[in-house]
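Engineer: Residue-level listing of the chains:
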Amino acid sequence: MAKPKAEQSVLWLGIFASLTMVTALVFTAIFPSYNNRWSTNTVDGAKYFRAVRADTGTGYSKLEEEGRLVYQREGCMYCHTQQVRPLRTEMIRYGIHHSPAPPADEREGIYDEPHFLGTKRNGPDLSRVGGKYSDDWQFSHLYNPQQMVPGSIMPAFTWLFSNANPADPSMAPVPSHECVALVAYLQSLGADRMIWDPALNGGKGGYRPWLLPQDKQNSLAESQAALMNAAKPIHAPRVSQ
Amino acid sequence: MAVQQIAQISSNPVGERIDHDDDAAKWWMTVALFNVVVFGTFGLIAAVKMVMPGLFAGVSWLAWPRIRPAHVNGVVFGWLVPMSIAMFHYFIPRLSGAKLYGTRISQIALCIWETGVIVATLGLLNPWGGELQAGSLNPWWMTKGKEWEDYNAISNIIITVALLMVDYVIFRTIAQRRYRQIYVATWYAVGTLLWTSLVYVVGNWPGQAIDWTLHTYFGWDALPHFGFTGSNDANVNWFYGHSIVGLVATPGGIALAYYFLPKSINAPLYSHKLSIIGFWTLGAIYFWVGAHHMIYGPIPYWLQTVATVFSFLLFIPVAAAVINFLGTSRGEWHQLRNNVVFKFFIAGTVMYFLVSTQGSFEALRPVQAIVHFTDYTVGHAHLALFGFATMFAFGAALYAAPRMWKRPLYSEGIAEWSFWLAFIGITIYVVSLTAAGIYQGKLWMDYPHLPFIETVVAMVPFWHARAGGGAMMVASMVLVAFNVYKTATSPAPAETRVAAKA
Ligand code: HEM
Chain D
1 MAKPKAEQSV LWLGIFASLT MVTALVFTAI FPSYNNRWST NTVDGAKYFR
51 AVRADTGTGY SKLEEEGRLV YQREGCMYCH TQQVRPLRTE MIRYGIHHSP
101 APPADEREGI YDEPHFLGTK RNGPDLSRVG GKYSDDWQFS HLYNPQQMVP
151 GSIMPAFTWL FSNANPADPS MAPVPSHECV ALVAYLQSLG ADRMIWDPAL
201 NGGKGGYRPW LLPQDKQNSL AESQAALMNA AKPIHAPRVS Q
Chain U
242 MAVQQIAQIS SNPVGERIDH DDDAAKWWMT VALFNVVVFG TFGLIAAVKM
292 VMPGLFAGVS WLAWPRIRPA HVNGVVFGWL VPMSIAMFHY FIPRLSGAKL
342 YGTRISQIAL CIWETGVIVA TLGLLNPWGG ELQAGSLNPW WMTKGKEWED
392 YNAISNIIIT VALLMVDYVI FRTIAQRRYR QIYVATWYAV GTLLWTSLVY
442 VVGNWPGQAI DWTLHTYFGW DALPHFGFTG SNDANVNWFY GHSIVGLVAT
492 PGGIALAYYF LPKSINAPLY SHKLSIIGFW TLGAIYFWVG AHHMIYGPIP
542 YWLQTVATVF SFLLFIPVAA AVINFLGTSR GEWHQLRNNV VFKFFIAGTV
592 MYFLVSTQGS FEALRPVQAI VHFTDYTVGH AHLALFGFAT MFAFGAALYA
642 APRMWKRPLY SEGIAEWSFW LAFIGITIYV VSLTAAGIYQ GKLWMDYPHL
692 PFIETVVAMV PFWHARAGGG AMMVASMVLV AFNVYKTATS PAPAETRVAA
742 KA
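So the protein lines, in turn, are chains D and U. For the record, in the first sequence the residue sitting at position 176 is 176 according to my numbering, with numbers rising by one throughout. Basically my numbering = 1-based index in the second sequence + 241.
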């Protein structure tokens, strides 16, 4: 059974087809992680965005790390993104107290495995939600979102509570350990980003741009740009209003 | 259907007469059609839950965020990929003039594959874990948490084994072929299998699970990680995610059209050269566009620009395929009246053109600023994976089933119904979600102080329409599966057993 000569071309087909994939992998997935901006994607770069916790040596405490796994298992990332885009409207929407939120930064996610950037906003972005609500609000919202926000389509995560019985209001649900961990993680999101480091803001410490008093807000855009260090702006925020 | 058309016995250039038994193809197709009904229904449940969030309240494994990834991955890894593999088992032996190498190996591969899909789906739904149980947070078992990589690490290993077995069977069959020239459908089949295997391993590397094991059982927390983190992770995620779209679903579907479209209307292929251009440009361009899923995201600006530019270059492979399919149909348009397989392929071709054109423009920054994160993306995804890939797969199933089981199709009428349900269903689905996405995106863009919930409530009428369109799509899946099932189980007509074509 002589093999047909043309069989060789199947081999070449395979080799070239693999090469197309390898080339693109090198240029679009491997090369960017070594580029100038991204080389700051190290522990050193990340410390400007997340305080390193004493108990773990990473950006998350033990409890928050567990909450991250609960977030992953419950699939919150299928409805919530964790990236504020550098668009003016978005920085305003996800800011606090009329102070725009800083857009997502490449170095922010260094401790995030997996990333929760997301692609669909059935619910609002959560990357700056830490401190926006009290823990109690978060528990009540997870237990019964429709009660807290009429018209919400977020599922009621009743299985994160013991003594749960939504039909009977006299029952007092108790958040499980997993639920406590989840809320601890939510509260850590964006809360100590950026300017917490005294080294960065001339020794003022604990300075949070979005908590500026009203009269200082005008200079916010400049101070933000300056503080995000010279290399920061991905590009100028799009003014689209 | 004419008896001659059902004849299975052909002869190759060496003069051997080959009776293709198609046992492997039958198995893969049966399981794929079972999966499309199951996972399509999952999608319908998710769509209904968008307008009735109280449905199945308190049942953790039917919660929206668990149903959704089970649906999305189920239709790709349970339906589209197995269906393409089934059809490769059908046409590659015919195009090679050789019997399938290793029917048994392929059937075992199918069992392994389906085990992987079931294990993965159970991990996503997590019906036992979750309710306050210690140990249910195991990343080997639960979702990997990244779109298209959601399937758990255990099932990734299982599916990889099955994939390699299929590669072996198909490549061996091609190696023994008796025709010198490789027809372009085979090129696309080889490309699909090769690219699927390569990106599957790259994309599903179980970094997080390994890190979690070291951390939990060995107390090892030191960086560097075995997995990627943050922006790097997202970038690899979308390199893989877009490969699933562009180098698994797309060539898998196009391979079917290159074989079944000319066959179904009995016309020669318009241009072999054009199809080869399409093949190489597809491979050279599609891998570069992953970053267009993160326009304005925390990845380098130049990378986003590269992705947008390559998104426009994709017009080349798209035009090559579409011109070729329409050119092949030249002079045969009258067949649209009564040839339902042809209808599926023409509708799929048109939607392939629409979705790719839509995609190129969607990758532009000003467009992304508005439609990113909205239902517009969901409309695009369904126009692609249902309107294009599933339409082709349905056409192929209805053409191949009678020939594999050597019986006439159970009912042309049901086939006709399944086409119109699919076509009208997907049209309603895409139009409503596209409008919804633009509307919601404009609300977000123009009214930064509008409470978010207002922009959710505004979507409800569109979501009702979507659920209706989705119900029609599921109905069409049920009808195709039923039609094939009845074809396979009906008694064989006596004359087809002796019919032979020299
Ligand atoms: C020229 C060709 C195409 C281009 C430039 C393109 C572009 C895009 C872009 C920019 C997105 C992201 C939308 C967003 O997140 O806002 C997207 C999403 C998507 N596309 Fe395409 N597309 C093309 C063709 C296709 C084809 C042929 C398929 C399937 C066979 C497909 C399937 C999908 C899916 C499933 C998603 C959703 C991904 C997700 O977020 O889970 N696309 N496409």
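Think of the hints as simulated: they come from the structure by calculation, not from any bench. There may be inaccurate statements among the hints.
[As the list claims (entries may be wrong)] Some residues of chain D that are not near chain U, with every Cβ distance over 10 Å (derived):
#1 Ser61
#2 Leu63
#3 Glu106
#4 Gly130
#5 Asp135
#6 Gln138
#7 Trp159
#8 Ala172
#9 Gln187
[Claimed, not checked] Listed next, the in silico DSS-like pairs over lysine-lysine satisfying Cα-Cα at most 27 Å (straight line):
#10 U:Lys647 to U:Lys727
#11 U:Lys727 to D:Lys132
#12 U:Lys267 to U:Lys504
#13 U:Lys267 to U:Lys683
#14 D:Lys132 to D:Lys120
#15 D:Lys120 to U:Lys683
[Claimed, not checked] Label pairs and their calculated CB-CB ranges:
#16 U:Arg578 to D:Leu19: 39 to 49 Å
#17 U:Ala508 to D:Ser33: 25 to 35 Å
#18 U:Met293 to D:Phe31: 44 to 54 Å
Cβ coordinates follow ideal geometry from the N, Cα and C atoms, glycine included.
Engineer: Now look at each hint and say whether the structure bears it out.
Structural biologist: Tested hints:
1. Ser61: holds, 12 Å
2. Leu63: Check passes; 13 Å lies beyond 10 Å.
3. Glu106: violated, 5 Å
4. Gly130: Check passes; 17 Å lies beyond 10 Å.
5. Asp135: holds, 19 Å
6. Gln138: holds, 16 Å
7. Trp159: violated, 4 Å
8. Ala172: Its Cβ never comes within 10 Å of chain U, the nearest being 16 Å, so this holds.
9. Gln187: holds, 19 Å
10. U:Lys647 to U:Lys727: This hinted pair holds, its Cα atoms lying about 13 Å apart.
11. U:Lys727 to D:Lys132: violated, 58 Å
12. U:Lys267 to U:Lys504: The hint holds at about 19 Å.
13. U:Lys267 to U:Lys683: violated, 48 Å
14. D:Lys132 to D:Lys120: holds, 21 Å
15. D:Lys120 to U:Lys683: Status holds; Cα separation ~15 Å.
16. U:Arg578 to D:Leu19: 39 to 49 Å: holds, 46 Å
17. U:Ala508 to D:Ser33: 25 to 35 Å: violated, 49 Å
18. U:Met293 to D:Phe31: 44 to 54 Å: holds, 47 Å
The earlier numbered hints that this structure contradicts are 3, 7, 11, 13, 17.
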